[in-house]
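Engineer: If you read the protein sequences in the order shown, they are chains A and B. Just so we're aligned, residue 1 is where the first sequence starts under my numbering, counting upward by one. Just so we're aligned, residue 1 is where the second sequence starts under my numbering, counting upward by one.
If you are wondering where the hints come from, they were derived from the structure by calculation, not from laboratory data. Glycine included, every Cβ here is placed at the ideal spot set by N, Cα and C. Treat the hints with care, since some could be wrong.
[Unchecked claim] Derived SDA-like pairs (lysine to any residue); straight-line CA-CA distance at most 25 Å:
1. A:Lys64 x B:Gly40
2. B:Lys64 x A:Ser9
3. B:Lys64 x A:Ala265
4. A:Lys64 x B:Glu58
5. A:Lys39 x B:Ala91
6. A:Lys39 x A:Asp25
[To be verified] Under 8 Å between C-beta atoms, here's a sample of chain B residues computed to sit facing chain A:
7. Pro9
8. Gly28
9. Pro52
10. Tyr78
11. Arg80
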Amino acid sequence: MTLWHRMVSILTWIVRRNRAETRLDVELREYMVMAAAAKMRDGVPRDEAQRLARLELGGLESVKERVRGERHGHLIDEVARDARYALRMFARTPVGTAVVLLTLALGIGANTAVFTLLHGLLLRSLPVAQPSQLARIEIVLPATGQESGLEWGMYQQILRRQRSFSQVSAWVPGHYEAIRDQAGTLRRYNVSLVSGDGFPLLGIRPHLGRLLAPYDDVRGGPPHGWSAVLSYGFWRDRFAGDPAIIGQRLQVGKTPVTVVGVAPADFQGVTPGLNPSLYLPYQMHATLDGDSRDVDYGCDVLARLAPGANLTSANAELRIYQQGIFEQFLPTRVTQAPTFRGARLQASAARTGFTWATKDDRKSLLLMQGLVAVVLLLCCINVAGLMLSKMNTRQHEFAIRKAIGGGRVRLTRQCLLESLLMAVAGATLGAVAAWFGSAALLRFFVDPNQTETLSLHPDASTFFVTAGLAICTTILCGIVPAWHAGRSDPGALLTSRTKVAVRGQLAGRAFVPIQVALSLVLVSTAGLLSKDLLNFRGEHLGFDAAHVTTETPWFYHQLPQKDDEAFLEVYQQIVNRLEELPGVESAAITGNRPTEHGVAAPFQDGVPGSSSAMLMAYNHVGPGYFRTMQTTVLAGREFDQRDRDRSVCMVNASAATHLFPRGQAISQTVKSASGDPRLPTAPCRVIGVAEDARAANLREPAPPTVYFPITKEAIAVHGNFTFLIRSVHAEDAAAAYRTAAAEIVPTVPVLRFATVQQQIDELFGRERLIVMMTNFFGALALLLSAIGLYGLLSSNVTQRRGEIGVRLALGARPGTVLTMILREAAALFSVGLVLGVVSRYAAATFVQKLLYDTSVFDRATLVATIGLLTVVGLLAAFLPARRASRVDPMVVLRSQ
Amino acid sequence: MSAARLEIPQGTLELMIFTILAREPLHGYGITQRLTQLSGDNFQVNPGSLFPTLYRLEQDGHLKADWRATANNRRAKYYRVTAAGRKRLAAHRERYTRVTLAVASVLEGA
Numbered sequence: 001m002t003l004w005h006r007m008v009s010i011l012t013w014i015v016r017r018n019r020a021e022t023r024l025d026v027e028l029r030e031y032m033v034m035a036a037a038a039k040m041r042d043g044v045p046r047d048e049a050q051r052l053a054r055l056e057l058g059g060l061e062s063v064k065e066r067v068r069g070e071r072h073g074h075l076i077d078e079v080a081r082d083a084r085y086a087l088r089m090f091a092r093t094p095v096g097t098a099v100v101l102l103t104l105a106l107g108i109g110a111n112t113a114v115f116t117l118l119h120g121l122l123l124r125s126l127p128v129a130q131p132s133q134l135a136r137i138e139i140v141l142p143a144t145g146q147e148s149g150l151e152w153g154m155y156q157q158i159l160r161r162q163r164s165f166s167q168v169s170a171w172v173p174g175h176y177e178a179i180r181d182q183a184g185t186l187r188r189y190n191v192s193l194v195s196g197d198g199f200p201l202l203g204i205r206p207h208l209g210r211l212l213a214p215y216d217d218v219r220g221g222p223p224h225g226w227s228a229v230l231s232y233g234f235w236r237d238r239f240a241g242d243p244a245i246i247g248q249r250l251q252v253g254k255t256p257v258t259v260v261g262v263a264p265a266d267f268q269g270v271t272p273g274l275n276p277s278l279y280l281p282y283q284m285h286a287t288l289d290g291d292s293r294d295v296d297y298g299c300d301v302l303a304r305l306a307p308g309a310n311l312t313s314a315n316a317e318l319r320i321y322q323q324g325i326f327e328q329f330l331p332t333r334v335t336q337a338p339t340f341r342g343a344r345l346q347a348s349a350a351r352t353g354f355t356w357a358t359k360d361d362r363k364s365l366l367l368m369q370g371l372v373a374v375v376l377l378l379c380c381i382n383v384a385g386l387m388l389s390k391m392n393t394r395q396h397e398f399a400i401r402k403a404i405g406g407g408r409v410r411l412t413r414q415c416l417l418e419s420l421l422m423a424v425a426g427a428t429l430g431a432v433a434a435w436f437g438s439a440a441l442l443r444f445f446v447d448p449n450q451t452e453t454l455s456l457h458p459d460a461s462t463f464f465v466t467a468g469l470a471i472c473t474t475i476l477c478g479i480v481p482a483w484h485a486g487r488s489d490p491g492a493l494l495t496s497r498t499k500v501a502v503r504g505q506l507a508g509r510a511f512v513p514i515q516v517a518l519s520l521v522l523v524s525t526a527g528l529l530s531k532d533l534l535n536f537r538g539e540h541l542g543f544d545a546a547h548v549t550t551e552t553p554w555f556y557h558q559l560p561q562k563d564d565e566a567f568l569e570v571y572q573q574i575v576n577r578l579e580e581l582p583g584v585e586s587a588a589i590t591g592n593r594p595t596e597h598g599v600a601a602p603f604q605d606g607v608p609g610s611s612s613a614m615l616m617a618y619n620h621v622g623p624g625y626f627r628t629m630q631t632t633v634l635a636g637r638e639f640d641q642r643d644r645d646r647s648v649c650m651v652n653a654s655a656a657t658h659l660f661p662r663g664q665a666i667s668q669t670v671k672s673a674s675g676d677p678r679l680p681t682a683p684c685r686v687i688g689v690a691e692d693a694r695a696a697n698l699r700e701p702a703p704p705t706v707y708f709p710i711t712k713e714a715i716a717v718h719g720n721f722t723f724l725i726r727s728v729h730a731e732d733a734a735a736a737y738r739t740a741a742a743e744i745v746p747t748v749p750v751l752r753f754a755t756v757q758q759q760i761d762e763l764f765g766r767e768r769l770i771v772m773m774t775n776f777f778g779a780l781a782l783l784l785s786a787i788g789l790y791g792l793l794s795s796n797v798t799q800r801r802g803e804i805g806v807r808l809a810l811g812a813r814p815g816t817v818l819t820m821i822l823r824e825a826a827a828l829f830s831v832g833l834v835l836g837v838v839s840r841y842a843a844a845t846f847v848q849k850l851l852y853d854t855s856v857f858d859r860a861t862l863v864a865t866i867g868l869l870t871v872v873g874l875l876a877a878f879l880p881a882r883r884a885s886r887v888d889p890m891v892v893l894r895s896q
Numbered sequence: 001m002s003a004a005r006l007e008i009p010q011g012t013l014e015l016m017i018f019t020i021l022a023r024e025p026l027h028g029y030g031i032t033q034r035l036t037q038l039s040g041d042n043f044q045v046n047p048g049s050l051f052p053t054l055y056r057l058e059q060d061g062h063l064k065a066d067w068r069a070t071a072n073n074r075r076a077k078y079y080r081v082t083a084a085g086r087k088r089l090a091a092h093r094e095r096y097t098r099v100t101l102a103v104a105s106v107l108e109g110a
């Protein structure tokens with residue numbers, strides 16, 4: 001029997017099945033006719049002979065089924081027939097099918113989306129040669145639990161002294177540069193700087209041209225000019241995948257570069273999620289900065305272990321010379337600080353590259369994965385419940401199928417196939433949803449300015465996870481109904497309907513309390529998290545966040561004005577112009593953006609001899625800053641056009657109480673206690689006291705703050721200043737800025753506008769996401785348990801119509817029947833509530849970690865949750881209960 | 001049906017069908033009758049076993065079937081043994097003879 005023969009025979013069977021079936025039927029009937037004829041010849045009467053012949057055959061359909069079982073490919077055929085049958089069954093109950101499908105799509109989609117993130121950010125290996133040999137080298141500070149990159153000089157030292165690695169490279173991710181492309185559009189793109197050995201170390205092959213090599217990375221630039229490698233996505237999107245790009249020139253900042261190659265499609269840099277558009281030689285940074293300071297960037301050091309070396313030996317080696325490196329490159333102020341105690345150079349596995357996800361990110365991601373897993377479980381329970389109640393109504397069908405020769409295996413297989421079809425369809429829908437969902441989710445995890453270059457989409461391993469989920473779902477949803485179907489007993493069923501019906505729903509009952517319990521946990525967690533975030537948002541911040549739009553253009557590198565005075569004059573011109581434009585109430589500039597971490601420095605009372613210096617935040621702000629931010633000036637006045645030097649300053653209320661505890665701050669003096677020449681060392685007269693306004697860490701009270709006017713020293717501190725534009729509508733502010741910029745600074749690109757409120761929301765992006773997700777899933781859980789309870793009770797009522805009819809006929813009032821059904825629902829529900837409260841307390845320590853100032857044992861939330869669940873439960877139970885109370889005894893008794 | 005009928009030993013149904021069909025082509029009922037008759041009324045094959053076996057052998061190319069008119073002018077499916085089937089019959093037969101001889105000699109020698 002050759003394979004060929006077998007395939008032909010399968011094909012023939014599939015194609016010519018109808019003919020074969022007819023022939024089989026004719027053949028078997030002929031057999032019966034012959035058998036009957038033979039018996040008649042022996043003297044048996046005609047009718048009796050025919051009956052005996054039928055008995056001898058032992059059931060026409062059952063013989064046919066056994067013959068079909070002998071065919072090659074009969075399994076394929078049977079499965080196909082089962083599938084067709086299942087589809088017909090689905091089509092017959094479109095609403096129920098849609099509910100199941102959507103439930104599964106939600107559960108699987110949510111899991112796939114979150115897993116895509118988890119996988120892309122934390123788990124995926126870099127697509128390079130032997131990623132398991134990769135190691136990252138960083139400074140670990142055990143005192144603070146932090147890790148930090150290395151200085152370029154340290155990298156050079158390690159490069160010279162190490163023996164454990166075959167190659168060591170340095171990467172600077174996330175450097176933004178304005179790039180003018182062929183169309184002449186100027187936009188900012190994420191650029192990664194890499195030392196010359198970076199690409200050779202990875203061992204990847206370019207998509208086009210070549211990758212950067214050591215001879216490209218020369219201080220001051222190689223003789224042929226700077227080279228650049230494009231990312232595959234940037235090349236495809238910006239240059240339409242034009243192969244002629246090799247050798248062309250681009251302008252990065254003010255520097256021309258030559259494109260030498262395109263990176264492979266799957267390579268998205270060594271920092272997951274960041275996906276730079278352009279790779280440039282490390283040494284180009286000085287040229288890009290356009291200044292003579294020649295400051296080296298910190299860098300991420302990526303190394304490849306030499307053959308025979310491992311991380312332990314590499315770390316032992318690093319320990320030998322780490323002290324020398326620290327002493328050479330770090331000031332004693334740093335190395336002597338208590339935070340630096342125990343610091344060491346450490347090599348660790350970097351299979352996944354530089355996963356920037358912080359511990360908090362990791363925690364949130366894992367929490368989300370946990371959350372969606374619970375939701376999937378809930379979805380499965382729900383679908384299993386729905387399927388089971390459907391099975392109960394199909395008991396009759398199964399009994400008949402079994403009676404005419406359907407085997408137990410066949411029935412079980414049929415049920416499993418139905419759940420598999422559902423799960424596959426659900427998973428497909430879910431995967432589509434996840435494709436869009438994961439991109440949306442990612443925005444909550446990264447700086448929104450970067451999303452343009454970010455890409456994470458489900459890939460092959462995500463696909464396997466989704467497929468795995470679909471299979472698990474099938475098993476979870478389908479196994480109980482399938483077992484029930486296989487067990488159905490034709491005899492018992494065909495004689496009596498009520499007996500079996502009661503037995504059939506025991507398994508369905510158990511689902512309700514579990515659903516209620518899971519819903520309670522999800523809903524109360526959602527309640528706690530929302531309350532926590534609302535608490536915070538309701539607090540007074542000391543400024544009006546909603547109506548102030550910010551814009552921080554990169555004047556420092558992009559304005560031609562070299563003179564400081566002229567540079568500041570440009571800002572003032574724009575502010576003046578903005579205030580003339582329609583819709584703008586006021587405008588001002590500031591050094592620190594309202595949500596930005598400022599730097600702190602020691603300040604003291606300006607009285608000679610006073611020595612009580614104190615660490616304070618400071619900022620440089622222009623005229624009209626407090627008016628624009630709507631921060632109240634409590635005493636004195638705010639800066640105006642006259643204040644252009646360091647003779648004056650302002651303080652906030654808490655700085656005033658710290659510096660001048662005995663009273664009046666106005667007309668007192670303040671000076672810097674650090675030696676920093678960029679700060680005023682001579683006493684400045686306090687001309688105003690402003691109310692406390694919270695800064696970067698909005699959860700904490702405002703730090704004591706000193707404000708100085710914008711002067712040329714401020715340029716050295718901040719580089720670029722930020723415009724604050726106050727308007728009723730944010731669009732007016734943006735339009736006004738575009739107008740002003742087009743008139744005054746036409747060469748500088750306009751960046752993204754954002755209101756302060758948006759920036760605050762982004763600052764709390766992860767927390768908001770989790771609150772949103774728990775709220776959404778909490779509501780979903782509520783809906784699912786309502787559907788579950790409703791489904792169970794209504795099929796219960798349908799099956800008990802007989803019993804209810806008898807009760808009513810014997811004199812029970814409809815009200816009594818209503819209470820009876822409701823009481824049964826209440827019993828199931830209470831078990832669920834108790835279970836839920838218990839598991840909620842079991843999860844308390846975990847949930848508490850996510851809350852800032854709300855207690856996990858907050859009674860109001862718990863009471864509200866239980867109340868909400870009870871209302872939803874009552875509603876779900878009331879409809880079937882009312883239906884039961886309206887049963888007409890006459891109709892029921894006649895139909896029995 | 002007589003109560004004294006024997007169960008057809010595992011694996012011998014195929015061999016007997018081959019042997020019967022090797023003599024002349026027959027339809028399903030004909031095979032049943034011939035088998036009962038040749039076995040001295042000891043074996044009665046059940047259609048639930050006969051037809052699956054026939055279909056399997058046909059599918060594997062050991063039997064070939066065609067529709068012919070019967071004695072009373074009805075159409076029936078007649079099976080006959082193919083060349084491949086004859087080869088298989090010979091092999092089966094040889095093995096079966098060896099088995100029965102072996103069993104017999106054990107019984108006699110004991």
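Engineer: A separate judgement is required for each hint: does it hold in the structure or not?
Structural biologist: So, going through the hints one by one against the coordinates:
| no. | hint | verdict |
| --- | --- | --- |
| 1 | A:Lys64 x B:Gly40 | violated, 29 Å |
| 2 | B:Lys64 x A:Ser9 | holds, 14 Å |
| 3 | B:Lys64 x A:Ala265 | violated, 59 Å |
| 4 | A:Lys64 x B:Glu58 | holds, 16 Å |
| 5 | A:Lys39 x B:Ala91 | violated, 37 Å |
| 6 | A:Lys39 x A:Asp25 | holds, 21 Å |
| 7 | Pro9 | violated, 20 Å |
| 8 | Gly28 | holds, 5 Å |
| 9 | Pro52 | holds, 5 Å |
| 10 | Tyr78 | violated, 10 Å |
| 11 | Arg80 | violated, 15 Å |
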